[in-house]
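Asker: Taken in order, these protein sequences are the chains called A and B. Quick note on numbering: the first sequence equals residues 1 to 89 in the UniProt record's numbering. Quick note on numbering: the second sequence equals residues 1 to 500 in the UniProt record's numbering.
Be a bit skeptical, because a hint or two may be false.
Unchecked claim - Computed spacing ranges between beta-carbons, pair by pair:
1) A:ASN59 x B:PRO151: 10 to 20 Å
2) B:ARG297 x A:SER40: 22 to 32 Å
3) A:SER40 x B:ARG337: 33 to 43 Å
4) A:LYS65 x B:GLN448: 15 to 25 Å
Just so you know, the hints here were simulated from the structure itself, not pulled from any lab data. Remember, it's a predicted structure, so these values are computed and weren't measured experimentally. C-beta atoms are modelled at their ideal positions from N, C-alpha and C, and glycine is treated no differently.
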Amino acid sequence: MMSNDELRRRVVATLAEELELDPEALTPEATLYDDLGLDSLDAVDMVVALEKSFGMKFNDEESLKAVRTVNDLFELLIKLKESQTADEA
Amino acid sequence: MKCDVVVIGSGISGLTAAALLAKSGRSVVIVERTSRPGGALKRFVRQGVPFDVGFHYTGCLGEGDVLTTLWDYLGVRAIIPIRPFPPDGHDELSIAGYDQPVRAFFSYRRLRDELERRFPGERIAIADYLGKIAAICQKIPFYNLELPLTPFLRGFQEPPVSLCDYLTKLTADPQLQAVLASPAFLYGIPVARASLAVHAMVAHGFYRGAYTIDGGGQAVVDAFLRILEQAGVTIIGKNRVDEILVEGGVAAGVRTDRGQIIHCRDVIYTGHPSAVPAMVPAGIFRPIYLKRIQGLRNTASMFAVFAVAPDETPGEPDWVNHYHIPAGLAILPETARVPRTERVLMMTTPERGRLPNLKNNHRGIILLRPALWEEIERFAPTGRRSRPPAYLAWKEELAGEMIAAAGRYWGESYAALRPLAVGTPLTFRDELAAPEGAAYGAQHCLGQHNPGARTRLPGFWLGGQSTLMTGVVGAALAGLVSAGEILGLESTWEQVRQCR
Ligand SMILES: Cc1cc2nc3c(=O)[nH]c(=O)nc-3n(C[C@H](O)[C@H](O)[C@H](O)COP(=O)(O)OP(=O)(O)OC[C@H]3O[C@@H](n4cnc5c(N)ncnc54)[C@H](O)[C@@H]3O)c2cc1C
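Sequences and hints are given; from them, build the entire structure.
Answerer: See the structure below:
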């Protein structure tokens, strides 16, 4: 199973590459909307890119809506990873 | 030239958007690539016989239904001769390997009775299926006009349920499976990739009642042209928009292949989204978005035979659409490896409800069978006027095959049909600007995210069947949503629904 650090690195790499964001700007505190300039129209592409990169499904609307910062995204993916690995086991 | 809004494309989506905008006082110019407006709704005439291409029947035209309400609001309903199918109107589904056809009535109650009679051991499955379809649509504003539009369009959609998984678990009866999957023909997605929700949206429309229009799709186009003219909307034909002009980061106009430039504040594009990347200056959209809309998987294309019966006696007006379908979940082929002769064949007619014109006793008969782009790709580089003899010979063979099948399925007399025109994926690609000849635009399928009306370029909006939903109803609603984005989504919806 991927370590949490690896996961964070992969999130940054995916967002930097697919959404053309500056990797330096992708700090844990950065807010997706204000700091990174992503808007609701980018949400679909962001979700698709992350789902593809991690082979996981974002299946909970509320938790996705609550994401404000890059760190929130890390935390959500860590939780998803744990629950979806548990499902497989 | 200058206006408030340029609408690109004059299919039902563009006509609807233009009419809504004009009604709210916007000055509108429609730009259409071909010489005649109407897109897939246009009729064509061969040897005096009229044929429809993209409109054979539809749901949602009953009292209080969404299309009726929208057409009332726009003032076109009164000039469109809508005809409901009679109470026993139905699709007749002959299933390969089984004797007696199943009648798929355009009524929940009659359909349930027919299915229970034919599949007495499957009552639970039948009730589950019909109940689910109705329940799904109860939550969709286009079927439940009480609901607001914005949450449906902007809200997070629940993860879709696979139609294939659902039907496989529901019943093991290959004949019942075939019947329940058959509406997929009307949205062009193989069952393996279809979602239950999209299936429900199309099926529910028909289970609640089906309608045709005297004069076919052309009557709809003509009615819209009349009100658009009254509202001062200009239609520019024979001009293909090649470029969206952008100034200061917002849409500012369009440029056509003939060098026409129209300045405006908003642009609605209703063609296939895969053409957008080439029309918009680089750097406006993120590459991941461009990749997504360029790579959209398309719906099935069609082989179409437009024919007449050989004898001169007028046929009876016919209220039945005939389908010969494969058993199980194979209503649409996933690859071209499925032999053509094993695919569904549909037979329909533009003449219903009244006898054909007595001076012309020929009743048009249309045969449709799903086609895949791969099987025609070798002829792809050819244009409308440069098809090689090999293609023409192949087309003739295709028509012969379909007519022979019609004779086998529905009686000797159909084996003598005389084809007046034949359509293939190439025909649809070139006539309708449909990539890969897709009959219903991009698939609304599992794992694919179709673009919505809003884009990252302020003032540039998408409409058309590939955005919201397909079919005449889906494309009209996509037009409503794109105009609504400009005029105010919820207030537009509110005004429309007041016409119930
Ligand atoms: C064989 C067949 C049978 C069908 N049967 C039914 C049926 O029975 N019931 C039903 O509900 N639906 C049916 N459909 C589907 C239905 O016809 C379509 O979903 C609907 O008409 C699509 O409308 P639209 O406005 O989105 O696109 P279209 O009607 O395709 O209109 C798009 C228009 O935009 C123009 N255009 C594109 N790009 C440009 C450009 N760059 N510049 C200028 N103009 C441009 C095109 O020329 C075209 O006129 C059928 C379709 C086919 C092909």
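Asker: Can you list which hints this structure breaks, lowest number first?
Answerer: none
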